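Engineer: Residues per chain, in single letters:
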Amino acid sequence: AQKVTQAQTEISVVEKEDVTLDCVYETRDTTYYLFWYKQPPSGELVFLIRRNSFDEQNEISGRYSWNFQKSTSSFNFTITASQVVDSAVYFCALGIYDKIIFGKGTRLHILP
Amino acid sequence: DGGITQSPKYLFRKEGQNVTLSCEQNLNHDAMYWYRQDPGQGLRLIYYSQIVNDFQKGDIAEGYSVSREKKESFPLTVTSAQKNPTAFYLCASSNLATASNEQFFGPGTRLTVL
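Protein chains in written order, with the working numbering: chain A, 1 to 112; chain B, 1 to 114.
FYI, nobody ran anything at the bench for these hints, they're computed from the structure. Be careful, since some hints might not be right.
Stated by the list, open to error - The list that follows gives simulated cross-link-like pairs (lysine-lysine, DSS-like), each with its CA atoms no further than 25 Å apart: (1) B:K57 x B:K71; (2) A:K70 x A:K38; (3) B:K70 x A:K99; (4) A:K3 x B:K57; (5) A:K104 x B:K83; (6) B:K57 x A:K104.
Only a predicted model underlies this, so the values are computations on that prediction, with no experimental measurement involved.
Start from the sequences, fold in the hints, and give me the full structure.
Structural biologist: Listed below in structure tokens is the structure:
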């Protein structure tokens, strides 16, 4: 079975704190992609990052960083020095062949 | 500007009526998708199409219908058979030539059944 689990339904942190969003996936396929999307209050999903199953290098982009660990089937997302504009729902997703399977999302509140 | 447009942004319908949601893309993408999102839930796939005049059911196709007469357009009809149609509907497209099948999303249509 293919599945994405985001155990944190909702998180609240004070601005400037670091926050990590967890993502655990399940698949028997050896070739797959992992994604993170951001959904601000406007509703549109904004692509943040893509990772293929053969590339376990961690990535940093500004205040965002991603930790991919195949051994634990996890693809966690960390926001450093959070800002109010980071408030949104964040979705982790698993891409296999022509489909993408989404987790249920984590709603992140950044409090001023 | 290249992108995906969905119209209308908000849609109200009376129970028992069919309604069609529009989705257009000018990214020259082969594949297009329709998802449904309910509060506190992830996205669930309704239908998808990889080529003109062909489409496949997703996980929750019952009560919905689609057509793909043009590469750029993938309208979704919510029929009266859909028992709980109030939701946020997102359309997406992807370039099948890329191995990752990264999907790009439109702004969504919020459908409310009165």
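Engineer: Each of the hints needs a verdict: does it hold here or not?
Structural biologist: Status of the hints after comparison with the structure:
1. B:K57 x B:K71: holds (18 Å)
2. A:K70 x A:K38: holds (23 Å)
3. B:K70 x A:K99: Status holds; Cα separation ~21 Å.
4. A:K3 x B:K57: The given pair, whose Cα atoms are some 19 Å apart, holds under the 25 Å limit.
5. A:K104 x B:K83: holds (22 Å)
6. B:K57 x A:K104: holds (21 Å)
Checked against the numbered hints above, the structure violates none of them.
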